[in-house]
Each structure stands twice: as structure tokens, then as C-alpha cells.
Amino acid sequence: MKTLNDIINWIINSGFLALLIYIAVAFGKPFIDSKIKHAKTAQQKELWTLLQQVSMTVVNSLVSKDMTGQAKFVEAVTQVQAYLENKGLNVDMKQVQSAVQSAYELSALTPTVDPTSQQAQSTKTATIPAGQAPAIDPMKGEK
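Residue numbers (this note's numbering): 166 to 308.
Fair warning: there could be bad hints in the mix.
Derived pair list, reagent style DSS-like, types lysine-lysine, alpha-carbon separation capped at 30 Å [stated by the list, open to error]:
#1 K202 <-> K252
#2 K230 <-> K259
#3 K205 <-> K252
Each pair of labels, with its calculated beta carbon distance range [said to hold, decoys possible]:
#4 I172 <-> L215: 50 to 58 Å
#5 A273 <-> K202: 36 to 44 Å
#6 K202 <-> G234: 37 to 45 Å
#7 Q208 <-> Q235: 31 to 39 Å
#8 T168 <-> N255: 58 to 66 Å
#9 S229 <-> K252: 20 to 28 Å
#10 W213 <-> I172: 49 to 57 Å
#11 T168 <-> K202: 56 to 64 Å
#12 N225 <-> Y187: 12 to 20 Å
#13 K200 <-> K167: 53 to 61 Å
#14 V228 <-> K259: 39 to 47 Å
Hints were generated in silico from the structure; no laboratory data involved.
For glycine and all other residues, C-beta sits at the position ideal for the given N, C-alpha and C.
Model the full assembly from the supplied sequences, consistent with the hints where possible.
What follows is the structure, given as C-alpha cells:
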């Protein structure tokens, strides 16, 4: 028992305990920092998913209202921002506007082309079927 007490006293008095604590902190800090960073990233991803869902819901609820497009956009941004503030979530206004704009573009209920226009042009790029793309001639240089 006396030997055990002597070993404990030596560990405390020699500074070996301080060295062990320093080593534990030095090796543990990067691990803890990476866990904190991962948690923040996961939280931001979930917040963005919620923002997209709320934006889509608000956009779909405003589609049938008799308002101008700009008025609908402002109303949607206001409603989404108010919802997030009520839940205690702090989101930048530009991110809310971006999510609402994205929701308008993705919504099947909002037209992307004026239906009264005679010249409705497709915004999709032409795709070449697989196996039918022209070959690249390595002898021709770029000009």
C-alpha cells in the first residue's frame, strides 16, 4: 500500500500528471473539433431541408391567389421568414429569398412560360442520344 501511495505522490509531484493531461487534450481537441464541425454541418443541412419544404408549401398555397408575381414572392418570403422566426431559427433573408425562388421554379403549379404567348420557346438544351455524338478528331487542334 505504501508503494502505491509513493507512486501516486511521484506522479503528482513530478509533473507527470500534467504531461498526461496535456497529451490527452492535444490528441482529443482535433477529434472534438471535428465532431463539432460535423454536427454544425448536419444541422445546417437539416435547416436547409426545412427551409425548402416550408418554401414549397407557402408557394403552393399562394399559387391560386389573385396577386401579381412580385406580390406573391414578397408574401411568400414574409411567411417563410415568420415561420422560421416562430420556431426560433435564424436564417438570412437572402437564403429565404433563394429558397422561395427555387420553390417557385420547381413548383409544378406555377407556369414557367406565359400560356397566352404565341412563341413559347423551350428552355431545355438539346441532348444528343447516346452513341450518336460526333467523334473528336485528335488531329484537329482547338482554334
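Against the structure shown, which of the earlier numbered hints fail to hold, in ascending order?
Numbers 11, 12, 13, 14 - these are the hints that the structure violates, sorted from lowest upward.
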